[in-house]
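> Chain residues, written in single-letter form:
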Amino acid sequence: MRQELPDWLKTAMPETAAAPDAIARTARNQVESLGLPGLRDEEWRWTNLRAIQRGRFNAPSGVGADIEPSIRLPLDNPLRLRFIDGVFQGVPNEVPEGLTLSSLADADEETRQAAFSPTPAPSVENPNDALVTLNTAMASEGVVIDVAANANIERPIVIEWLDGATESVMSHPRVLIRLGQSAAATVIEHIETVGEQPAWRNSVIVSTIAANAALTHIALGLDGASRLATERSFASLERDARYHSYNIQLAGQMIRREYDIQVGGSGAHTDLIGLMMPRGKQVLDTHTRITHAAADTTSNEHYRTIADDAGRGIFKGRILIEEDAQRIQAYQSSNNLILSDDAEIDAKPELEIYADDVSCSHGATIGRLDQEALFYLRSRGLGLDEARGLLIAGFAQEVIDEIPLVELRDWLTERVEQRLGDRGTAGNETA
Amino acid sequence: MTETQELEQLVQREYKYGFTTDIEQEIIPPGLDEDVVRMISAKKHEPEFMLEWRLSAFRHWQTMKEPEWAHVHYPKIDYQALSYYAAPKSQEELDADAPESLDDVDPKLLETYEKLGIPLHERAVLAGVKGANVAVDAVFDSVSVTTTFKEKLAEAGVIFCSFSEAVENHPELIKKYLGTVVPQGDNYFAALNSAVFSDGSFVYVPKGVKCPMELSTYFRINAKNTGQFERTLIIAEEGASVSYLEGCTAPQRDENQLHAAVVELVALDDAEIKYSTVQNWYPGDEEGKGGIYNFVTKRGECRGDRSKITWTQVEAGSAITWKYPSCVLKGDDSVGEFYSVAVGNNYQQIDSGTKMIHLGKRTRSTIVSKGISAGRAENAYRGLVHIGKTATGARNFTQCDSLLIGDRCGAHTFPYIEAKNASAQVEHEATTSKVSDDQMFYLRSRGLSEEDAMNMVVSGFCKDVFNELPMEFAVEAQALLAVSLEGSVG
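As given, the protein sequences belong to chains A and B, one line each in that order.
Position one of the first sequence corresponds to residue 1 (our numbering), numbered consecutively onward.
Position one of the second sequence corresponds to residue 1001 (our numbering), numbered consecutively onward.
Calculated directly from the structure, the hints in this document are not laboratory data.
Note that CB positions come from ideal geometry on N, CA and C, so glycine has one too.
Do not rely on the hints blindly, as some may be mistaken.
Just a few of them, taken from the derived set where beta-carbon distance is under 7 Å, the chain A residues facing chain B [what the hints assert, rightly or not]:
| no. | residue |
| --- | --- |
| 1 | THR365 |
| 2 | LEU369 |
| 3 | ASP370 |
| 4 | PHE375 |
Derived contacts from chain B toward chain A, CB cut-off under 10 Å, selection only [unchecked claim]:
| no. | residue |
| --- | --- |
| 5 | ILE1405 |
| 6 | VAL1426 |
| 7 | THR1431 |
| 8 | GLN1478 |
| 9 | ALA1482 |
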């Protein structure tokens, strides 16, 4: 059953919003009846929003504008789009040709319409869409990234989500990414907590990728013990378009990330690659939905989770093949490691298929380390901890290796190894 | 032959078991309230505790809402328009003086079962071509009409009788086990069943006994506008083992009929229960009109260490199937298995699968599910593998494959996997594809007709499951599959 919208959230509805009037009005009327999803909603059976329900979050007050991220990504001349507690800090002075960056607040009606009309359209029937609707009703900040046809933007565009600068702040930012025909760009979400304060960000990214264009979307959830996030990404692909998503989640109290990918033109392809490493009491959750709406499209999904301490890793991946979308190849795998008896992994790989000329498969595994590999390493003289460490790092590395930016790949490898090195003891798993 | 011609042939195919038996029946008027529950209980001459049990289930049911999460669509069921009890009249009269031999049973009933190919008569069984040694309990609408081989089973100490008889003759066993695997309020349909169930089979295999023959129940819905709610309870004591098979058919009617059964299995230390189902309720016509709503709760509990429960099912009938035969693996080293072939044609809808709940140490489970969709059928596998915190060293292997025949059907997979133990090992694989042109071409080039080639591919696809069925029924299942898919190739 849906949970009632907490009072503090009801009263927080802003007078003005970035969404076009009609859309904002509808959303504002819906949020109260939608409430927040609860454990009895199918899509939320493994993740609860109690921390949000019980929190009391305020709209950002705009202080702390001079905050810098403490983590530096090894990127070559990136274009930074900084949000502090969800407040957009403005566009860079110099942008390469073919790229237009603008604040959503200054955008024209048509652009705002596009930012608030994702495919598939959120529905009141779906409790899962309550948070998108909430974002629509409340979003006042955001950014628009426009890439002109045939432009290849080599400099990475980095959205810096710096959360928790002030106490108990919530934010509902909205991002629109539009790629013209045959354009290419890389957008990186740098997610970091800059204070000790609890914070909740409910962000939505809407991407439209025109024919033959390619968007690389990398999300890096880097730290934050009390960071709460409900993040949704929509991407719709036209003919021969590409959407490559890499989702690395290394921290956060409760992170729920959702992807809706509409593979809508023939020849289009999407990759969804992910790594989640919950520990402590972290809950890291990713839900993906790929809709093959056109014939001759392909998708490839590969998610891995390593759950330690009392951490929980949740993955749900759905592949939907619509009627008459023939000659589809869709592959999905979810591999998971549990390193502690207090940790938990939940996985639900789904196939929903309405066409017959398809080749779809998914595989899901939950398990401990490969005992033979462990034996081999030990026979070579490695200690148990060392051998285990090597295997766990190797397990994570297979995901990191897929990231196309070499500098970032090496940097992440180091960070993950460091993170695994912190483990200390071998836990309670026996070899 | 062109595709259209073949499809036409399919349309003309008839459901073999669609006849009705013209027999005088006692049917209580439609509607459901406490009085109906009391009436059913009184008709069965039940002791007080059973009535109380039914009433508490009914009260609970009234507070519940019909679930909507399954991947099926159907118009709302009007529970007040159904009749909750129907019995062949002669049987009703006979109940009073408890028939001792088959000669007392209405010949029309025997004829019905004869038509269904069930060797109800003991002599028929003995003379049976298959040489099977099978004891049969036959349930006609709401009551069990006869159980064969009782004496021979009694010698071994096995109790195999209708549920009503068990309530009368073995109330202590019923009291001890009824509702302990599927509680009254487990789900909407289980609660409804608990309130109004009419009959079913009861099996008790005492300690150390290996049941000397296969046990089998045939369920038949005959009356109009009735729901069938049977309840089966099988108990295997320490070291006991039993193999049980159920088959189901119903007449061809335009309206939908509800079948909401509950099956409970209890396996104690070292016990083994093998439960096989060949489900062939009337699936509705080619337009999707009529057919049985098969909403069933089946669950087995491996209560003892080293116990084992195997579910094998061939689901070919019913307009809508909604069932998840499950295993609760409580005992250490216990084993749960689920082998399923679910085939849907025309407008059939299937949402079926299993749950494997691992609680004991070193518990193991295997799931093999084969779904076949043809015509406009929707076939979904829904399953749960849960590894609890206490289930150290638990293992699961799941394989679910779907085969699509035609471009207007759907095949879906919704597996839930939950693990809370670091030593758990869970593997899940699923594939969906159509019968490949290469396979068909090869078989056709060897001189097989298109239909035969398709049958061969399909039976190969299902082989893993058919191998698990008791020998006699594997043959039947294969034939059933061929009939269900008849003409669906093009």
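> Checking hints one by one. Is LEU369/A an interface residue toward chain B, by the C-beta closer than 7 Å rule?
violated (10 Å)
> So, PHE375/A near chain B? Judge it on the closest CB pair being under 7 Å.
violated (16 Å)
> Once the shortest beta carbon distance from THR365/A to chain B is found, is it less than 7 Å?
holds (5 Å)
> Double-check ALA1482/B for me: the hint is only fine if its C-beta lies closer than 10 Å to a C-beta in chain A.
This interface hint is violated because 20 Å lies over the 10 Å limit.
> Is the interface hint satisfied for ILE1405/B? The criterion is a beta-carbon contact with chain A at less than 10 Å.
holds (7 Å)
> For the hint on ASP370/A, just tell me whether its beta-carbon gets within less than 7 Å of chain B.
violated (11 Å)
> Would the hint on THR1431/B be counted as holding, given a Cβ-Cβ threshold of 10 Å to chain A?
holds (4 Å)
> Does the closest beta carbon of chain A sit nearer than 10 Å to the beta carbon of VAL1426/B?
holds (4 Å)
> Does GLN1478/B hold up as a contact with chain A if the rule is Cβ-Cβ below 10 Å?
Since chain A brings no Cβ nearer than about 23 Å to GLN1478/B, farther than 10 Å, the hint is violated.
Hint compliance for this structure: hints 2, 3, 4, 8, 9 are broken, all remaining hints hold.
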